[in-house]
Amino acid sequence: MKAPASPRGAQKTAGRRTNIGAVRSTFAPWNDPSAVPLVRFENVSKRFDDHVAVRDLSLDIYPGEFFALLGPSGCGKTTLMRMLAGFETPDTGRITLGGEDLAGVPPHERPVNMMFQSYALFPHLTVEQNIAFGLKQQGGLPKGEIAARVAEMLALVKLEPFARRKPDQLSGGQKQRVALARAVARKPKMLLLDEPLGALDKKLREETQFELMDLQVELGVTFLIVTHDQEEAMVMADRIAVMREGQIAQIGRPEEVYEAPASRYVAEFLGDVNLFDATVAASDHPLARLSAPEAAGGFEVMDDDCPPAGTAVTLAVRPEKMRISLDAPAADAANVMAGEIWDIGYTGDWTNYIVELPGERLIRVARANASRIVERPIGWDDKVWVTFDPDAGVVLTQ
Amino acid sequence: MNRPLPRPSALIPYVWLGLFFAFPFLLVLRLSLSDVALAIPPYSPQIDWEKGIDGIREFLGGLDFEMYDRMRGDHLYVNAYLTSLLFAAQGTIMALLVGYPMAYAMARCRPGTRNLLLMLVILPFWTSFLIRVYAWVGILKPEGLLNAALGVIGLPPIDLLYTPASVQIGLVYSYLPFMVLPLYAVLEKMDHTLLEAASDLGAPPWRSFWQVTFPISLPGVVAGCLLCFIPMVGEFVIPDLLGGPGSLMIGRSIWTEFFSNRDWPFASAVAIALLVTLIVPILLYQRQQARALEAGR
Numbered sequence: 001m002k003a004p005a006s007p008r009g010a011q012k013t014a015g016r017r018t019n020i021g022a023v024r025s026t027f028a029p030w031n032d033p034s035a036v037p038l039v040r041f042e043n044v045s046k047r048f049d050d051h052v053a054v055r056d057l058s059l060d061i062y063p064g065e066f067f068a069l070l071g072p073s074g075c076g077k078t079t080l081m082r083m084l085a086g087f088e089t090p091d092t093g094r095i096t097l098g099g100e101d102l103a104g105v106p107p108h109e110r111p112v113n114m115m116f117q118s119y120a121l122f123p124h125l126t127v128e129q130n131i132a133f134g135l136k137q138q139g140g141l142p143k144g145e146i147a148a149r150v151a152e153m154l155a156l157v158k159l160e161p162f163a164r165r166k167p168d169q170l171s172g173g174q175k176q177r178v179a180l181a182r183a184v185a186r187k188p189k190m191l192l193l194d195e196p197l198g199a200l201d202k203k204l205r206e207e208t209q210f211e212l213m214d215l216q217v218e219l220g221v222t223f224l225i226v227t228h229d230q231e232e233a234m235v236m237a238d239r240i241a242v243m244r245e246g247q248i249a250q251i252g253r254p255e256e257v258y259e260a261p262a263s264r265y266v267a268e269f270l271g272d273v274n275l276f277d278a279t280v281a282a283s284d285h286p287l288a289r290l291s292a293p294e295a296a297g298g299f300e301v302m303d304d305d306c307p308p309a310g311t312a313v314t315l316a317v318r319p320e321k322m323r324i325s326l327d328a329p330a331a332d333a334a335n336v337m338a339g340e341i342w343d344i345g346y347t348g349d350w351t352n353y354i355v356e357l358p359g360e361r362l363i364r365v366a367r368a369n370a371s372r373i374v375e376r377p378i379g380w381d382d383k384v385w386v387t388f389d390p391d392a393g394v395v396l397t398q
Numbered sequence: 001m002n003r004p005l006p007r008p009s010a011l012i013p014y015v016w017l018g019l020f021f022a023f024p025f026l027l028v029l030r031l032s033l034s035d036v037a038l039a040i041p042p043y044s045p046q047i048d049w050e051k052g053i054d055g056i057r058e059f060l061g062g063l064d065f066e067m068y069d070r071m072r073g074d075h076l077y078v079n080a081y082l083t084s085l086l087f088a089a090q091g092t093i094m095a096l097l098v099g100y101p102m103a104y105a106m107a108r109c110r111p112g113t114r115n116l117l118l119m120l121v122i123l124p125f126w127t128s129f130l131i132r133v134y135a136w137v138g139i140l141k142p143e144g145l146l147n148a149a150l151g152v153i154g155l156p157p158i159d160l161l162y163t164p165a166s167v168q169i170g171l172v173y174s175y176l177p178f179m180v181l182p183l184y185a186v187l188e189k190m191d192h193t194l195l196e197a198a199s200d201l202g203a204p205p206w207r208s209f210w211q212v213t214f215p216i217s218l219p220g221v222v223a224g225c226l227l228c229f230i231p232m233v234g235e236f237v238i239p240d241l242l243g244g245p246g247s248l249m250i251g252r253s254i255w256t257e258f259f260s261n262r263d264w265p266f267a268s269a270v271a272i273a274l275l276v277t278l279i280v281p282i283l284l285y286q287r288q289q290a291r292a293l294e295a296g297r
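These protein sequence lines map, in sequence, to chains A and B.
Mind the numbering: the first sequence is residues 1 to 398 in our numbering, read in order.
Mind the numbering: the second sequence is residues 1 to 297 in our numbering, read in order.
Treat the hints loosely; a few may be bogus.
Partner residues aside, some chain A positions facing chain B, computed with beta carbon under 8 Å [as the list claims (entries may be wrong)]:
| no. | residue |
| --- | --- |
| 1 | F122 |
| 2 | T126 |
| 3 | Q137 |
| 4 | A392 |
Worth flagging that the hints you see were computed from the coordinates, not collected in a lab.
We put the beta carbon where it would ideally sit given N, CA and C, even for glycine.
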């Protein structure tokens with residue numbers, strides 16, 4: 001695999017800065033100009049009555065990728081997936097799979113399989129028969145081979161003891177596994193997963209996330225997952241496309257979209273973020289100085305391509321990248337905000353402090369509970385100082 | 001743990017069945033074991049309540065299976081039975097063939113249209129059954145609407161009235177709602193994503209239908225068929241109005257025996273035999289309903 005050499009221009013800062021995020025990954029075919037995408041959406045639009053579901057969207061997905069479409073409901077992510085499966089036809093634009101135009105190819109002739117959000121298991125068939133359904137449609141597959149493949153799939157999802165059960169005799173997690181086994185039994189070129197973990201409880205969801213990742217590596221199949229759950233997308237996907245109103249707001253590795261969001265929308269959609277309206281005071285490469293009412297000493301942020309002085313921008317700082325202290329820092333230092341504790345949320349691994357700045361402005365600061373004993377715990381109504389490092393903030397222009 | 005006492009409301013079905021099914025059935029059964037008599041009512045023996053226990057014993061001694069023997073020996077009745085079963089079976093199959101696409105199309109309509117169509121299916125019940133069947137005479141008679149329409153498009157007229165075919169038409173027409181409604185109920189409930197899943201797994205539409213839609217709709221098919229078949233076997237008005245001499249059905253024979261020949265015991269015996277014939281499909285229906293209930297839980 002090639003190291004990311006020439007990043008594509010889509011993301012603003014993600015490519016220019018190296019070492020973004022806490023994960024080192026060598027799998028990045030999207031940065032390789034010679035890589036051939038498996039699926040291409042080219043200027044695809046789809047409209048339902050007066051609602052535009054997908055708006056002139058282009059997207060490449062590479063072989064072996066675990067790709068996530070992430071967005072709130074109604075952002076067009078499901079429509080995009082259903083167009084790939086063949087259940088919807090694009091109004092304009094082209095979708096190709098392995099170089100072949102999919103226009104006019106009915107769903108039953110497409111080499112992709114889908115795992116439905118509701119699982120859509122056939123209620124009149126047993127687990128075994130459900131898994132065999134797709135194999136039986138491929139004419140000419142001998143019975144022995146079908147049986148062997150079914151047994152293999154049952155073993156893969158560890159459901160051998162339930163082979164003869166009907167779907168309504170299974171738990172939610174078991175149904176999910178049957179749906180998965182049925183979808184991969186035909187060895188599709190691409191597996192589409194529509195909110196695959198939506199119906200599972202939290203614990204099972206976490207387990208299943210890792211199982212799905214393992215399965216993807218084991219099968220070597222390209223996965224496209226649609227989800228509204230950012231954690232699900234971040235944990236599993238190689239790349240995430242954050243969608244908004246039928247368009248892609250940002251596309252990149254989970255670390256990129258989280259640590260270097262391209263817009264306020266993406267910053268707010270993924271995790272918690274504090275946004276400050278600021279004005280660029282000076283662009284002092286590599287530092288950008290911003291002035292904002294919240295910080296008396298102004299903000300100082302590492303930014304390579306900060307707009308010129310005088311531009312109104314938004315500074316985004318994640319709560320976990322801020323520090324909170326009962327002691328005042330050096331006078332007129334940058335990135336210092338004074339305030340009072342408004343509320344405290346203790347979740348065990350993290351403590352979330354809601355700090356009220358002058359002018360009834362609330363910000364959120366998160367602190368990892370790295371030690372069990374704290375010398376000077378912070379309490380309600382304490383006067384505190386919030387600081388952050390210059391590389392913690394991201395300057396957003398949109 | 002104490003089992004809770006059955007609520008009084010649970011008894012209602014039993015009282016109902018006792019009153020409106022078991023009691024009349026026993027009356028008919030008793031009739032079928034009696035003999036014809038020139039009296040009012042036209043059968044014997046009667047229970048002489050004044051004689052007390054002896055009267056009842058005398059009455060029971062007077063009952064016999066003579067009527068059933070007579071029925072078995074008479075080809076007319078055996079044939080009428082067979083004709084009835086055949087007509088009902090054919091009518092049921094045709095109602096299924098007509099009703100399934102209808103119910104399927106209704107279930108695939110938009111909800112607003114669906115309710116309208118459902119209303120239209122039920123609408124004929126607002127008119128008398130007799131009048132609706134009689135209307136078919138006007139349609140099927142040699143100079144009726146059907147032949148007029150055929151003449152307009154240049155086809156030769158066909159003589160349908162008083163043939164087995166016209167009875168079939170009447171049967172299918174009259175019982176179609178009983179086929180459509182249970183079919184519609186299962187098809188409407190069916191999850192459309194199942195068809196998408198089938199198609200996603202490589203099944204073309206026709207195979208999706210046979211491998212997914214049809215098997216899932218089977219409870220509705222069975223219910224619809226039995227709801228048509230059972231009353232069709234005993235149907236009386238339709239063969240009487242639309243049928244010729246070739247379509248003697250058992251319901252009509254019962255009527256003739258009761259009202260023309262005033263042979264109440266024999267008519268009762270025929271009716272009892274009909275009931276026994278129908279017990280098999282009725283039990284089938286019940287078993288299927290019970291299974292559907294269990295599956296629904």
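Evaluation of the provided hints:
1. About 6 Å separates the beta-carbon of F122 (chain A) from the nearest beta-carbon of chain B, less than 8 Å, and the hint is met.
2. The interface hint given for T126 (chain A) is violated, since its Cβ lies 13 Å from the closest Cβ of chain B, which is over the 8 Å cut-off.
3. Interface hint at Q137 (chain A): satisfied, since its Cβ lies 4 Å from the closest Cβ of chain B, which is below the 8 Å cut-off.
4. About 45 Å separates the beta-carbon of A392 (chain A) from the nearest beta-carbon of chain B, more than 8 Å, and the hint is not met.
Hint violations for this structure: numbers 2, 4, all remaining hints satisfied.
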